[in-house]
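K.L.:
Here are the chains, one letter per residue:
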Amino acid sequence: MTASLKRFAATLWQADGRRFPAPLSLLLVGPLVIGLCVAFILPVGRLLAVSVWNPDFTLAEFVHITESPLYLRILGRTFLLGGVVTVLTLVLAYPVAFLMARLSGWRLAVATACVLVPLWTSVLVRSYAWIIILQRNGLLNSILTGLGLTDAPLPLLYNELSVTIAMTHVLLPYMILPIWAALRTIPRDLPLAAQSLGANAVRVFFLVVLPLSLPGVASGVLMVFILSLGFYVTPALVGGPETLMVATLIGQQTTELLNWPFAGALAALLLGITLLLVTVFNRFLGLDKKAAS
Amino acid sequence: MTSHAHSAPAANAAARRQNLSKLLGDALLKGVCALIFLFLLLPTLVVIPTSFSDTQYLAFPPAHWSLRWYVAYFQDPEWIGATLFSLKVAGLTTVAAMTFGTLGALALVRGRVPLKGAVRAVVLAPMIVPHIVIAVAMYMVYMKWNLLGSLTGFVLAHTVVCLPFVVITVSAGLQKMDPSLEMAAASLGANRLRAFRHVTLPLLGPSFATAAAFAFITSLDEAVISYFLSSSTEKTLTRKMFEDIDFDLSPTIAVVSTLIIVMSVLLMGTIEGLRARAARRAKA
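One line per chain: the protein sequences are A and B, in this order. Residue numbering for the first sequence follows UniProt numbering, starting at 1 and increasing by one per position. Residue numbering for the second sequence follows UniProt numbering, starting at 1 and increasing by one per position.
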């Protein structure tokens, strides 16, 4: 029995070259693909399908979105906030990545920890922390009134400001890490060579370092913008009624109104924009080629 | 001769100016980065002291210190129930994602998979599709399948989300591995299975540890999908936290947050440390 099992295993393993033969490969990858089709592709596909089959093919839900000023405003706000957060994270991330690329030893370890600890901390925990900091009698307001900068506590929480701060905080590591990775791969001789040829520090940065770091900047920008479009938890907890974003709207349409066709249409829109951005990015930067090599 | 004597001090002055501006630039860069690091760490630095507060309401810094909220957390069956449920979901998710993900990665890296591009797209898709879309889609289907608030439902959903990480991490480990090591084992008389068991698997250890830790933390941390799939009786820790942050903001949340921070940092820090050590050893 075991001998025949062993022989069977041996035939499965014996491939020409070092690759597994196709039957074994299929056996290995099959459960994964079938599982994902049932638990992931099917639900998402069904949600997208109900947006256009109701019961016959119709684009009414999409027309409904484009004809309503309220929904267009929510879409616009989502993009605007995503853009603002992307720019803010880029401005904050670049100096940090630049510094980290020059550090080594324990200094690098400490800097890396500063970036990774928030990344490993739950979004819920961080939203809660921003409430403590930004609320009416919170940390920031008590510092401001203590310094005599304001007489009354400022309204810092449950508005666009708090959502922007909290989202920037959540997404900052996603911007720092790819830029740092790009800067790290620049050979040290390159800026030195430019310098010895007479370029000053500013010129070296703009002519050598910055262009070489652009792939990292691009992946950071893409990742942060895409993630910001789908944000649910942070706006829901630290935002107010006037910070309603697409993700929150999708949630409301399902849990409160059970309006599946409309939720499906919004989901299709969000997914479509995300896929479009990823595709454009891949086309221009050849992410596939890089990943393959 | 005279021109040389004339230019040397000028060059010196220019060099000094350049040095000074470089020093200033360095100081400025470090100052700015210190502020950004403070911004990154601020929430963590605020939550931990808050958990040791003695007051009913949220105040920072706390006026008096106590462990009363820790006691409250450990005595609250709802919090403990949600915590244990989340740990159970995370554990089962890790096992499921590691099993299917590792097998899939083996086939994708070492095997002949037809339509490899399509298979890879399906495996990586959960990473690109916004979580709110996955959450709402699963909510709709789970309602029909009667899986809302069920252990099976959560494990299924979290496994989907964790699989891309596992496949990427294990694939990277497999690709980085030197195939000549397996060949050496084979040339010394081990068959493929033996070579795989005694050479490949141990060498994949660090990748496995990283992937498993990632899957566990991702499941434990997952807030959006868990929010939609929870029921009023069966809920994850993240759903319970969401409700409490939304409604009463008691310092118990700070306690839970502190425990989660400590656990995540310990787990991920260990993994990061192991990885750094492996990288150093590979270099040496």
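Hint data in this document are derived by calculation from the structure and do not stem from the laboratory. One or more hints might be untrue.
As the list claims (entries may be wrong) - Pulled from the structure, derived: some chain A residues nowhere near chain B, Cβ distances all over 10 Å: (1) S25; (2) F40; (3) I41; (4) T58; (5) C114; (6) Y128; (7) L144; (8) L147; (9) G148; (10) T150; (11) T164; (12) S196; (13) G240.
Stated by the list, open to error - With a straight-line Cα cutoff of 25 Å, these simulated SDA-like cross-link-like pairs (lysine to any residue) come out: (14) B:K144 x A:F57; (15) B:K22 x A:L192; (16) B:K22 x A:F57; (17) B:K30 x A:R102; (18) B:K144 x A:A268; (19) B:K22 x A:V84; (20) B:K22 x A:T164; (21) B:K144 x B:T233; (22) B:K30 x A:L103; (23) B:K30 x A:N282; (24) B:K176 x B:E272; (25) B:K176 x A:N282.
Unchecked claim - Footprint (simulated), chain A over chain B, 3 or more residues, beta carbon under 8 Å: (26) 31-42; (27) 97-108; (28) 116-129; (29) 148-155; (30) 206-212; (31) 262-269.
Cβ coordinates follow ideal geometry from the N, Cα and C atoms, glycine included.
K.L.:
Next, verify each hint and record whether it holds.
P.N.:
How the hints compare with the structure:
1. S25: violated, 3 Å
2. F40: violated, 5 Å
3. I41: violated, 7 Å
4. T58: Since the minimum Cβ distance to chain B is about 18 Å, A:T58 lies beyond 10 Å and the statement holds.
5. C114: Not fine: 4 Å to the nearest Cβ puts A:C114 too close to chain B.
6. Y128: Nearest chain B Cβ is 5 Å from A:Y128, so the label is violated.
7. L144: The claim holds: A:L144 sits with its nearest Cβ about 14 Å from chain B, beyond 10 Å.
8. L147: holds, 16 Å
9. G148: holds, 20 Å
10. T150: holds, 18 Å
11. T164: The claim holds: A:T164 sits with its nearest Cβ about 13 Å from chain B, beyond 10 Å.
12. S196: holds, 13 Å
13. G240: Consistent with the label, A:G240 stays out of reach of chain B, its closest Cβ about 12 Å off (over 10 Å).
14. B:K144 x A:F57: holds, 23 Å
15. B:K22 x A:L192: holds, 14 Å
16. B:K22 x A:F57: violated, 65 Å
17. B:K30 x A:R102: holds, 11 Å
18. B:K144 x A:A268: holds, 21 Å
19. B:K22 x A:V84: Distance ~31 Å between B:K22 and A:V84 Cα, so the pair is violated.
20. B:K22 x A:T164: With Cα atoms ~34 Å apart, B:K22 and A:T164 exceed 25 Å; violated.
21. B:K144 x B:T233: holds, 18 Å
22. B:K30 x A:L103: Roughly 11 Å between the alpha carbons, so the hint for B:K30 and A:L103 holds.
23. B:K30 x A:N282: violated, 34 Å
24. B:K176 x B:E272: holds, 18 Å
25. B:K176 x A:N282: holds, 24 Å
26. 31-42: Held - the region 31-42 of chain B has 8 residues with a Cβ nearer than 8 Å to chain A, which meets the minimum of three.
27. 97-108: Since three or more residues must qualify, the claim that chain A covers the region 97-108 of chain B holds, with 7 doing so at under 8 Å.
28. 116-129: This one holds; 7 residues, not fewer than the three required, reach chain A with a Cβ under 8 Å.
29. 148-155: Check failed, 0 qualifying residues.
30. 206-212: violated (count 0)
31. 262-269: holds (count 4)
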